[in-house]
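Chemist: With chain Y held as given, fit chain E onto it using these hints.
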Amino acid sequence: MSPFNNLLCMLLGISFTVWFTLLLVFIIVPAIFGLSFGIRGLYMKTPSCSLSGCIIAKEPTSLEEELKEIRRNGPSPSTSEFEMSDTFYFCRRGIESIVDDEVTKRFTAEELESWNLLTRSNYNFQHISTRLTVLWGLGVVIRYGFLLPLRLTLAITGVSLLVVFTTMIGFLPNGRVKHFLSEKVHLMCYRICVRALTAIITYHHSENKPKNGGICVANHTSPIDVIILASDGCYAMVGQIHGGLMGLIQKSMVKACPHIWFERSEVKDRHLVAKRLSDHVKDKSKLPILIFPEGTCINNTSVMMFKKGSFEIASTVYPVAIKYDPRFGDAFWNSSKFGMVNYLLRMMSSWAIVCSVWYLPPMSRQEGEDAVQFANRVKAAIARQGGLVDLLWDGGLKRGKVKDTFKEEQQKLYSKILVGTQENRSRS
Amino acid sequence: MGLQGWRNVLALKTSKNNNRAAWQRAFPVPLSHSQITRLYSRFHSLDKGENGALSREDFQRIPELAINPLGDRIINAFFPEGEDQANFRGFMRTLAHFRPVEDNEKNKDLTSGEPLNSRTNKLLFAFRLYDLDRDDKISRDELLQVLRMMVGVNISDEQLGSIADRTIQEADTNGDMCISFSEFIKVLEKVDVEQKMSIRFLH
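Protein chains in written order, with the numbering used here: chain Y, 1 to 428; chain E, 429 to 631.
Please keep in mind that the hints were generated in silico from the structure rather than gathered at the bench.
Any given hint might turn out to be false.
Only some residues are given here: those of chain Y computed to face chain E with a beta carbon under 7 Å [said to hold, decoys possible]:
#1 I56
#2 F82
#3 S85
#4 F88
#5 G94
#6 I95
#7 E96
#8 L397
#9 V402
#10 F406
#11 K407
#12 E408
#13 Q410
#14 K412
#15 Y414
Below, simulated DSSO-like cross-link-like pairs (lysine-lysine); rule was C-alpha separation at most 30 Å, straight line [to be verified]:
#16 E:K476 <-> Y:K398
#17 Y:K307 <-> Y:K398
#18 Y:K337 <-> E:K476
#19 E:K624 <-> Y:K68
#20 Y:K403 <-> E:K476
#21 Y:K68 <-> E:K565
#22 Y:K68 <-> Y:K58
#23 E:K476 <-> Y:K323
#24 E:K618 <-> Y:K58
#25 Y:K307 <-> E:K476
#26 Y:K178 <-> Y:K251
#27 Y:K58 <-> E:K476
#28 Y:K308 <-> Y:K398
#29 E:K624 <-> Y:K412
#30 Y:K416 <-> E:K565
#31 Y:K401 <-> E:K476
#32 Y:K284 <-> Y:K251
#33 Y:K407 <-> E:K476
#34 Y:K251 <-> Y:K184
#35 Y:K68 <-> E:K614
#36 E:K624 <-> Y:K58
#37 E:K565 <-> Y:K407
#38 Y:K416 <-> Y:K58
#39 E:K624 <-> Y:K105
#40 Y:K105 <-> E:K476
Quick caveat: nothing in here was measured; it's all calculated off a predicted structure.
Cβ coordinates follow ideal geometry from the N, Cα and C atoms, glycine included.
In isolation and in its complexed conformation, chain Y is listed as follows:
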């Protein structure tokens, strides 16, 4: 039965790929190229630094340097502690962050330099020319009339096959056959899902693919990340059990091979989570765990703080960098704006999801390094490979407030400068 299904999948895959390639070559690519030359002339003149807000140039001076500079010309530079002009630094920094800050823009989709015919990625939509509107209209017809129904069918096929086959495999006794079949089924179904999204993925450095007993960490942009990685290798997923369709899929998947699903109540218990992960990792026959340490979806222009939990487990870490090309369809899931279903529909009605996946060489915690430092080292490697900005801010800021400790640090720094001057005074 298995070879037949593989054949079926292959045929489906091939016919779709051929069909889509024709579509791409004869309609989409000329349209896009034709547009790139047309748009730049018609479109408003955008400043060269149009991506992600370059309205102002920020001064990179520190508090200490700046205060010294301001005070240099002040009334009594050497002897006084506090100057009324000390507020200028904080004032300017505050205004700079109001005009442009590093964090809030990571939680909305990236802005594109030139339009890709999707109204969703054009924030300043205005009627520029009839030609452009006609092309956009044609794009809509193609995307919603042809691509979406086809992709929906594929998606439904893929998911149903996954549920049905994994349940069937679940009846087999544990052993090599079960493991082999489960691997094939998972790969096949994920590949159908990849076709369903028309994801064009380039894998780099496959020799570094995660091995059993390891933990795979990657930057998180959308739920599609899982499908992209799982269609190239087998992983044990980690996550919370949901209700509904997701829950059904999760329950049937775990029958075929061991994934780590937590009840909602268990998620809060850090020790329990860590224990289950370590147990899984120690068993070399089990698949590598796939974890997204940011904890939330970021818009693929930066990598935010990695939560240290997954780095405390003693195991090899296989970092993976995923970078999407936003020109064909933005994959970022803005969960405060769109629900999951809405998001998937938008994904399936984009042109394509184009991305690159880099498998980085495995890393382990070194002597004298704690979990946080290790996490930052891995994060820096992923950011460097993917061409993303490496930020220390917590992805949780999407929903929550920033901790007061950061403000207290700033206050401490300033106090040191004030008191420090006093110490110099008393010494002289």
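Modeler: Only chain E this time, still in chain Y's reference frame:
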């Protein structure tokens, strides 16, 4: 740049914002097309409630501002007396204080009133940061409160008190134990206000 030019620039898909037209008529801000558009787009992205105005919570959502010791005072500068909403006009007005002073403007004798980003107006912005009750003078209490915001819990009350006393003593010339705006200007006459209270707009 003429009024029509601005109308074209700002013909964004949200045509429901009447503030913009009124603002354009009443208050031209010398920024370029792209700068104004980007600032409007920034205003829009901060406006989570999508009602054309920003509340204090909208500002607090910016992490870098929330950790700024003077964050609350800066946010307050955007809200006129007694109001809870800042519209785009107010937003632009306040930000206009931080435009750099261009060389050809420095010596110009302006008949249409002083521009918002003049040295005096920048100093006024800084003065208002201290003047909590908006009575045009900085009392010892107000100075202490602002100092407390900047140092947190790291300096004792006595030490802070003596800093405040010394500052008022040095600045106060008319003996009312408060710092008026003209005394404030005198104290800071040698400081390069133009450079320190400006942000560099690109393009």
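Chemist: Hint by hint, note whether the structure agrees.
Modeler: Hint by hint, here is what the structure shows:
1. I56: With a minimum Cβ separation of about 5 Å from chain E (threshold 7 Å), the hint on Y:I56 holds.
2. F82: holds, 5 Å
3. S85: holds, 5 Å
4. F88: holds, 4 Å
5. G94: holds, 4 Å
6. I95: Interface hint status for Y:I95: holds (5 Å vs cutoff 7 Å).
7. E96: Hint on Y:E96: holds, closest Cβ of chain E at ~5 Å, below 7 Å.
8. L397: Holds, about 5 Å.
9. V402: holds, 4 Å
10. F406: It holds, given that the least Cβ distance between Y:F406 and chain E is near 4 Å, below 7 Å.
11. K407: holds, 4 Å
12. E408: holds, 6 Å
13. Q410: Holds, about 5 Å.
14. K412: With a minimum Cβ separation of about 6 Å from chain E (threshold 7 Å), the hint on Y:K412 holds.
15. Y414: holds, 5 Å
16. E:K476 <-> Y:K398: holds, 12 Å
17. Y:K307 <-> Y:K398: holds, 15 Å
18. Y:K337 <-> E:K476: holds, 11 Å
19. E:K624 <-> Y:K68: holds, 12 Å
20. Y:K403 <-> E:K476: holds, 21 Å
21. Y:K68 <-> E:K565: holds, 27 Å
22. Y:K68 <-> Y:K58: holds, 19 Å
23. E:K476 <-> Y:K323: Given that 30 Å is the threshold and the Cα spacing comes to 28 Å, the pair holds.
24. E:K618 <-> Y:K58: holds, 24 Å
25. Y:K307 <-> E:K476: holds, 27 Å
26. Y:K178 <-> Y:K251: Roughly 17 Å separates the two Cα atoms, so the pair holds.
27. Y:K58 <-> E:K476: Answer holds: Y:K58 to E:K476 is near 25 Å, not above 30 Å.
28. Y:K308 <-> Y:K398: Holds, at about 19 Å.
29. E:K624 <-> Y:K412: holds, 22 Å
30. Y:K416 <-> E:K565: Between Y:K416 and E:K565 the Cα gap is close to 29 Å, so the pair holds against 30 Å.
31. Y:K401 <-> E:K476: holds, 15 Å
32. Y:K284 <-> Y:K251: Distance ~23 Å between Y:K284 and Y:K251 Cα, so the pair holds.
33. Y:K407 <-> E:K476: OK: Y:K407 and E:K476 at ~24 Å, within 30 Å.
34. Y:K251 <-> Y:K184: holds, 18 Å
35. Y:K68 <-> E:K614: holds, 20 Å
36. E:K624 <-> Y:K58: holds, 12 Å
37. E:K565 <-> Y:K407: Within the cut-off at roughly 28 Å; holds.
38. Y:K416 <-> Y:K58: Distance ~24 Å between Y:K416 and Y:K58 Cα, so the pair holds.
39. E:K624 <-> Y:K105: With a Cα-Cα distance of about 26 Å, the restraint between E:K624 and Y:K105 holds, given a limit of 30 Å.
40. Y:K105 <-> E:K476: holds, 13 Å
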